[in-house]
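Colleague: Just so we're aligned: the sequence shown equals residues 17 to 398 in the working numbering.
What the hints contain is simulated information worked out from the structure, not anything from laboratory work. A portion of the hints provided could be inaccurate.
[Said to hold, decoys possible] Computed list of lysine to aspartate or glutamate pairs in DMTMM-like fashion (alpha-carbon distance at most 20 Å, straight line):
no.	residue 1	residue 2
1	LYS153	GLU112
2	LYS261	ASP336
3	LYS178	ASP236
[Said to hold, decoys possible] Pairwise CB distance ranges (calculated):
no.	residue 1	residue 2	range
4	LYS105	GLU170	25 to 31 Å
5	GLU325	GLU254	28 to 34 Å
6	ARG309	VAL185	35 to 41 Å
7	VAL185	ARG331	19 to 25 Å
By construction, the Cβ of each residue, glycine as well, lies at the ideal position given by its N, Cα and C atoms.
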Amino acid sequence: MARKRNPNGAGSIWQRKDGRYEARVYVPQPDGTRKRKTVYGATWEECDAKRQELVRRDRQGIPTPTRSAKLSEWLPYWLEQFVKDDRKKTTYAKYETHVRLYLVPNLGTKRLETLGAADVRRMLAAVSTQASPATAKESHRVLRSALSAACREELISRNVVKLVPAPRVEQRELKPWDLEQTTTFLEAARGDALYAAFVLAVALGLRRGEVLGLRWSDIDLERRTLTVRNQIQRVQNELYADSTKNRRSRVIPLPLMCVPPLRWQRLRQAAQRDAAGQDWQDSDYVFTTRTGRTVEPMNLSRSFQRVAEAAGLPRIRLHDARHGCATLLFAAGVPARVVMEILGHSQIAVTMNIYTHVSDNRRREAMGHMDRLLRRTPQKRA
17 MARKRNPNGA
27 GSIWQRKDGR
37 YEARVYVPQP
47 DGTRKRKTVY
57 GATWEECDAK
67 RQELVRRDRQ
77 GIPTPTRSAK
87 LSEWLPYWLE
97 QFVKDDRKKT
107 TYAKYETHVR
117 LYLVPNLGTK
127 RLETLGAADV
137 RRMLAAVSTQ
147 ASPATAKESH
157 RVLRSALSAA
167 CREELISRNV
177 VKLVPAPRVE
187 QRELKPWDLE
197 QTTTFLEAAR
207 GDALYAAFVL
217 AVALGLRRGE
227 VLGLRWSDID
237 LERRTLTVRN
247 QIQRVQNELY
257 ADSTKNRRSR
267 VIPLPLMCVP
277 PLRWQRLRQA
287 AQRDAAGQDW
297 QDSDYVFTTR
307 TGRTVEPMNL
317 SRSFQRVAEA
327 AGLPRIRLHD
337 ARHGCATLLF
347 AAGVPARVVM
357 EILGHSQIAV
367 TMNIYTHVSD
377 NRRREAMGHM
387 DRLLRRTPQK
397 RA
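Input sequences plus hints: build the corresponding full structure.
Modeller: This is how it looks when you write it as structure tokens:
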């Protein structure tokens, strides 16, 4: 009985002179093009099974490279197809930088199937020398993610990056301001236009983008609550509003010390609106420029540094005020779970391992307890 012809796009099978069977099917490539893929089988049934698998992958939109793709081909494709629409713009920009500066220059000529652990180790050593071990560790994470996607697409059978440990990175020692230094900064910042922003960063541990992303509709001064919903970010040449880092909003009770600065900011903004007239750009943001536009994140950091330097305080980043907030909350006896919710962490381990700093006074106090517990009272002799 004659076999039925396969429908268009399903390929065809014929017997070769050597007795084997051969099938060819047009399949999608990682770069978006279509090329003809050839498979072989000892019998018609074996060859047909391979042909049907190619057709199935084609209908599901799964790329089947006619040859193993180079890293210089796969990595840009992965960025566009797997990262760009599913991850935050900041994440895409960071991954693109590592692909462009470190991964493609060091591994671009390697093919997915032939990439070995030794190649990955050489790349990590090169990036550590070119930039830093921390940068190499991040490149390791980006490459591991890209090859995991290749595994899911059945382009490779294993992810060799998982066989190579990431470089060890010494954690930067955090030295946030103590209570006295923090109050000194707030006193020095009273006359600054962004004073209320500094208060929120110090007292609530808000991220820089979260401070600038606050809208008046997010703040209830009567009930003393603040809802963190958005953040302002700049990626390359674009300034835009985004969801929070973990994509979740959180409600934070406002300390009394935050209420007067926010009332002052509302009055100050109203005066700026009147002065700007038709040039005012209404956005409902709490912190704006003289014409109502969004404040540049870097300008908030610069103002923070300027005030701290004028007050003679040790130089720290604005983000380090977030570390200081966590430390003060722990020193006040606030449970770790509550601190985690206030700071907006997705895991309590982040709160415990990164955002707390034990001061010398706290260490002395702890060992004082040990001294009292273990000190023995001399026995009186009979």
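Colleague: All hints, please: hold or fail.
Modeller: Right, here's what the structure says about each hint:
1. LYS153 - GLU112: holds (15 Å)
2. LYS261 - ASP336: holds (17 Å)
3. LYS178 - ASP236: violated (48 Å)
4. LYS105 - GLU170: 25 to 31 Å: holds (29 Å)
5. GLU325 - GLU254: 28 to 34 Å: The hinted range 28 to 34 Å holds for GLU325 and GLU254, with Cβ atoms some 30 Å apart.
6. ARG309 - VAL185: 35 to 41 Å: holds (38 Å)
7. VAL185 - ARG331: 19 to 25 Å: Since the Cβ atoms of VAL185 and ARG331 sit about 22 Å apart, the hinted range of 19 to 25 Å holds.
Checked against the numbered hints given earlier, this structure breaks only hint 3.
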